Amino acid sequence: MFVMLGVYDPFKRSLNSKQSILIDFVAISEHSQAPMQVPARNSQTPPQQKPAQKPKKPTPPKSSKPNTPPPSARQSRTTSPTVPKAPAPPPPAPMPAEKPQKKPTPPPKKAQPEEAIAPPKKAWLDLKEEEKLLEELGREAPAESSEPQGLEDLLEELADSVEDAALPGAQAADRLGDIVTATEIDAIRRHVARCWIVPNGVRGAKDLAVEIAMRLRPDATVYEAKIVNAHRMQHDPLFRAAAESARRAVLDPQCNPFPLSPEKYNQWKNIELTFNPKEMY
Amino acid sequence: MQRYFLILGVMIWGCVGSVQALKVEITQGQIQPISIAITDFEDETEEGIGKQISEIITRDLVFSGLFQPIPKAAFIQDTSSLNTQGPRYADWRALNAKLLLSGKVKRVARDLIVEFSLYDVISGHVLTGFQYRAVTQKQRQLAHMVSDTVYQQATGEEGFFNTRIAFVEETGPRGRRIKRLALMDYDGENVSYLTTGDSIVLTPRFSPDKQHLAFLSYSNRIPQVFLTTVDGAPPQHVGDFQGMSYAPRFSPDGECLVMSLEKEGASAIFEYRLRDKSLKQLTPYHTIDISPCYSPDGKHIVFTSDRGGSEQIYIMNRDGSHPRRVSFGGTKYSQPAWSPRGDLIAFTKVYQGTFYIGVMTPQGEDERLVAQGYLVEGAGWSPNGRRLLYTKEHKYYTQNSGGKRIPSATSRLYSVDVTGYHECAIRTPHEASDGCWSPRL
Numbered sequence: 001m002f003v004m005l006g007v008y009d010p011f012k013r014s015l016n017s018k019q020s021i022l023i024d025f026v027a028i029s030e031h032s033q034a035p036m037q038v039p040a041r042n043s044q045t046p047p048q049q050k051p052a053q054k055p056k057k058p059t060p061p062k063s064s065k066p067n068t069p070p071p072s073a074r075q076s077r078t079t080s081p082t083v084p085k086a087p088a089p090p091p092p093a094p095m096p097a098e099k100p101q102k103k104p105t106p107p108p109k110k111a112q113p114e115e116a117i118a119p120p121k122k123a124w125l126d127l128k129e130e131e132k133l134l135e136e137l138g139r140e141a142p143a144e145s146s147e148p149q150g151l152e153d154l155l156e157e158l159a160d161s162v163e164d165a166a167l168p169g170a171q172a173a174d175r176l177g178d179i180v181t182a183t184e185i186d187a188i189r190r191h192v193a194r195c196w197i198v199p200n201g202v203r204g205a206k207d208l209a210v211e212i213a214m215r216l217r218p219d220a221t222v223y224e225a226k227i228v229n230a231h232r233m234q235h236d237p238l239f240r241a242a243a244e245s246a247r248r249a250v251l252d253p254q255c256n257p258f259p260l261s262p263e264k265y266n267q268w269k270n271i272e273l274t275f276n277p278k279e280m281y
Numbered sequence: 001m002q003r004y005f006l007i008l009g010v011m012i013w014g015c016v017g018s019v020q021a022l023k024v025e026i027t028q029g030q031i032q033p034i035s036i037a038i039t040d041f042e043d044e045t046e047e048g049i050g051k052q053i054s055e056i057i058t059r060d061l062v063f064s065g066l067f068q069p070i071p072k073a074a075f076i077q078d079t080s081s082l083n084t085q086g087p088r089y090a091d092w093r094a095l096n097a098k099l100l101l102s103g104k105v106k107r108v109a110r111d112l113i114v115e116f117s118l119y120d121v122i123s124g125h126v127l128t129g130f131q132y133r134a135v136t137q138k139q140r141q142l143a144h145m146v147s148d149t150v151y152q153q154a155t156g157e158e159g160f161f162n163t164r165i166a167f168v169e170e171t172g173p174r175g176r177r178i179k180r181l182a183l184m185d186y187d188g189e190n191v192s193y194l195t196t197g198d199s200i201v202l203t204p205r206f207s208p209d210k211q212h213l214a215f216l217s218y219s220n221r222i223p224q225v226f227l228t229t230v231d232g233a234p235p236q237h238v239g240d241f242q243g244m245s246y247a248p249r250f251s252p253d254g255e256c257l258v259m260s261l262e263k264e265g266a267s268a269i270f271e272y273r274l275r276d277k278s279l280k281q282l283t284p285y286h287t288i289d290i291s292p293c294y295s296p297d298g299k300h301i302v303f304t305s306d307r308g309g310s311e312q313i314y315i316m317n318r319d320g321s322h323p324r325r326v327s328f329g330g331t332k333y334s335q336p337a338w339s340p341r342g343d344l345i346a347f348t349k350v351y352q353g354t355f356y357i358g359v360m361t362p363q364g365e366d367e368r369l370v371a372q373g374y375l376v377e378g379a380g381w382s383p384n385g386r387r388l389l390y391t392k393e394h395k396y397y398t399q400n401s402g403g404k405r406i407p408s409a410t411s412r413l414y415s416v417d418v419t420g421y422h423e424c425a426i427r428t429p430h431e432a433s434d435g436c437w438s439p440r441l
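Just so you know, the protein sequences line up as chains E and X, in that order.
Going by my numbering, the first residue of the first sequence is number 1, and it counts up by one from there.
Going by my numbering, the first residue of the second sequence is number 1, and it counts up by one from there.
Calculated directly from the structure, the hints in this document are not laboratory data.
Among these hints, one or two may not hold up.
[To be verified] As a list, the in silico SDA-like pairs of lysine to any residue whose alpha-carbon atoms are at most 20 angstroms apart:
1. E:K278 / X:K23
2. X:K138 / X:K210
3. X:K23 / E:C255
4. X:K51 / X:K23
5. E:K206 / X:D366
6. E:K269 / E:D186
7. E:K226 / X:Q153
8. E:K269 / X:V24
9. E:K264 / X:K23
10. X:K23 / E:I188
11. E:K269 / X:L22
12. E:K206 / X:G342
13. E:K278 / X:R368
14. X:K51 / X:T84
15. X:K23 / E:R203
16. E:K206 / X:T27
17. X:K23 / E:R190
18. E:K226 / E:M280
19. E:K226 / X:D120
20. E:K278 / X:A74
21. X:K299 / X:V326
22. X:K23 / E:D236
23. E:K226 / X:L22
24. E:K206 / X:A74
25. E:K206 / X:V24
26. E:K226 / X:E25
27. E:K206 / X:K277
28. X:K23 / E:V228
29. E:K278 / X:E367
30. X:K23 / E:P218
31. X:K277 / X:V326
32. E:K264 / X:D297
33. X:K23 / E:T274
34. X:K23 / E:R215
Note that the coordinates shown come from a computational prediction; the quantities given were computed from them, not determined experimentally.
Starting from the given sequences, assemble the full structure and let the hints guide the process.
Here it is in structure tokens:
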């Protein structure tokens with residue numbers, strides 16, 4: 001039912017968290033100036049687009065690299081709504097925003113990747129220019145996604161677009177608004193609970209709360225875990241033991257990587273976990 | 001310039017925003033033993049002592065219920081490379097080990113030196129390491145000391161393995177029991193006897209200096225309190241009391257004994273100062289007040305009294321003032337023992353014909369039952385307040401020559417974790433009762 005309404009089905013897992021996805025992050029300012037790259041669907045385009053994908057610091061706009069000067073970000077925004085009606089809706093509901101919807105890559109990139117489009121001289125295009133650009137790009141993609149797409153189709157498009165070295169600007173624009181959802185936070189709790197051995201039976205066990213500041217890699221593995229308030233370990237052996245146990249929990253290979261969405265890396269690359277056993281007593 | 005600072009400020013703000021951490025609270029976890037790999041200690045003595053020591057350590061940690069040793073057959077890295085090159089943490093992580101213990105044993109003159117290292121396998125660093133030295137005869141004690149260190153590092157609490165247990169050994173048929181005062185390592189080794197069995201003995205209690213034992217003996221045909229030493233010195237009668245005296249316990253400073261004295265059918269609690277042999281009455285001779293026990297700070301005494309109509313637990317100040325009842329479970333409570341940690345009082349409870357060992361706070365709250373049986377009683381504490389030691393009888397039936405079923409029971413010492421987990425029997429040569437755990441040696 002959710003799919004029919006074009007609303008993401010919260011009960012269906014989207015991407016495999018271990019699936020490798022190329023990600024390109026850009027700041028807003030870059031996004032607005034970066035030339036849109038038009039990833040092609042056919043085999044000819046990938047070579048062109050991959051290089052475009054590489055510069056994570058997307059050489060702003062000159063579009064000197066892309067032979068097919070991508071439309072500006074704003075163009076992509078304006079075009080995207082027209083193309084997939086389904087993805088567009090995301091903004092409101094998708095707070096729990098399902099990536100798939102935001103992912104739904106802007107159609108433009110699929111259309112006529114080889115066509116050379118004169119790089120915009122300014123950061124945005126006026127309406128007439130946008131319309132003209134749309135015409136040049138064709139309606140293929142829009143036509144494909146004019147009717148509400150199924151979730152599977154959206155996911156497929158997302159995967160294709162990422163693999164085809166998408167439009168970093170456009171994708172970043174969709175991701176920047178994501179936040180880690182309550183469901184994802186619950187998943188973190190369940191995940192860590194598997195590896196955390198609770199200090200049981202020691203005096204004052206229910207008051208032994210420990211904070212761990214973690215830093216994670218983009219693949220959601222922990223590469224640093226610091227005990228907050230570590231100086232307490234020097235004079236409080238119970239706290240020391242509890243803190244070491246908590247730290248082992250987050251570094252345990254059995255609990256790495258964490259079940260986190262790569263698309264939201266900026267949101268979870270730093271996590272502070274508070275291990276508080278009081279509810280278990 | 002203003003524009004420059006504005007841009008710089010925005011960049012900094014952006015950076016700060018981007019490193020703001022996601023905060024998550026973890027409130028559930030696992031209650032399970034810590035997996036530990038205990039390797040055979042490298043043995044420079046070539047007498048097999050290294051393996052013996054690692055076996056003692058393994059049994060100690062298993063007994064605590066808080067550790068799960070990994071079978072040695074699963075080890076990937078051998079002891080030799082471990083001691084020369086250090087741990088290959090990936091090999092131990094593959095076994096799901098959280099901790100790794102390795103060490104070596106060598107002989108210097110008539111002494112043994114045991115050195116060891118405890119590693120955090122997950123984090124990949126050394127947690128602690130020590131070297132202990134003692135005469136060869138004390139190799140078991142050296143192993144227990146290593147166990148204590150590992151235990152403390154992993155839990156934050158002091159260990160209890162380098163300790164002894166005083167108890168009453170029971171032999172012979174029911175009705176004609178021979179009871180002897182005995183002493184052994186907590187794990188059942190090195191048993192020695194302090195009395196001959198000529199008279200019944202009960203309730204031995206260690207002094208804080210670990211050198212003396214107070215106990216009850218019927219050597220004078222009535223129960224009276226005696227003192228002896230762990231070396232088996234001839235028992236000395238405590239005080240010059242005409243009537244019965246029983247249930248002795250040392251004060252935390254070792255200067256006094258608190259006990260019950262009987263008079264005309266009533267029983268009151270007294271404090272006896274060992275140095276000057278002075279006696280101070282703490283409760284009146286109105287009812288039956290027995291089983292006194294000091295708090296670890298020596299400021300209070302918990303005891304059993306039937307002043308309310310049934311056996312209940314009371315606490316009073318050390319000088320006998322302000323007695324107040326703390327047990328309200330609607331049944332009989334007795335034999336209180338204050339935890340060395342000070343946070344709990346153990347007791348015996350009888351409810352609907354079944355015996356229980358339980359714990360509660362000194363305020364009488366948070367009562368929990370940790371053991372039950374046909375007969376369980378006489379709870380005492382390990383020196384770290386983590387485990388309880390008590391007597392447990394198992395009932396069984398035999399048939400006489402006429403085919404009639406005759407009930408009987410065997411008595412053993414048992415131990416259970418304060419959480420109620422991991423109940424296990426204490427190894428004794430024969431039946432045993434009235435166990436008392438020593439302070440750490």
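* Can you give the numbers of the hints that this structure goes against, from lowest to highest? -> Structure breaks hints 4, 15, 18, 20, 22, 24, 27, 31 and 32.
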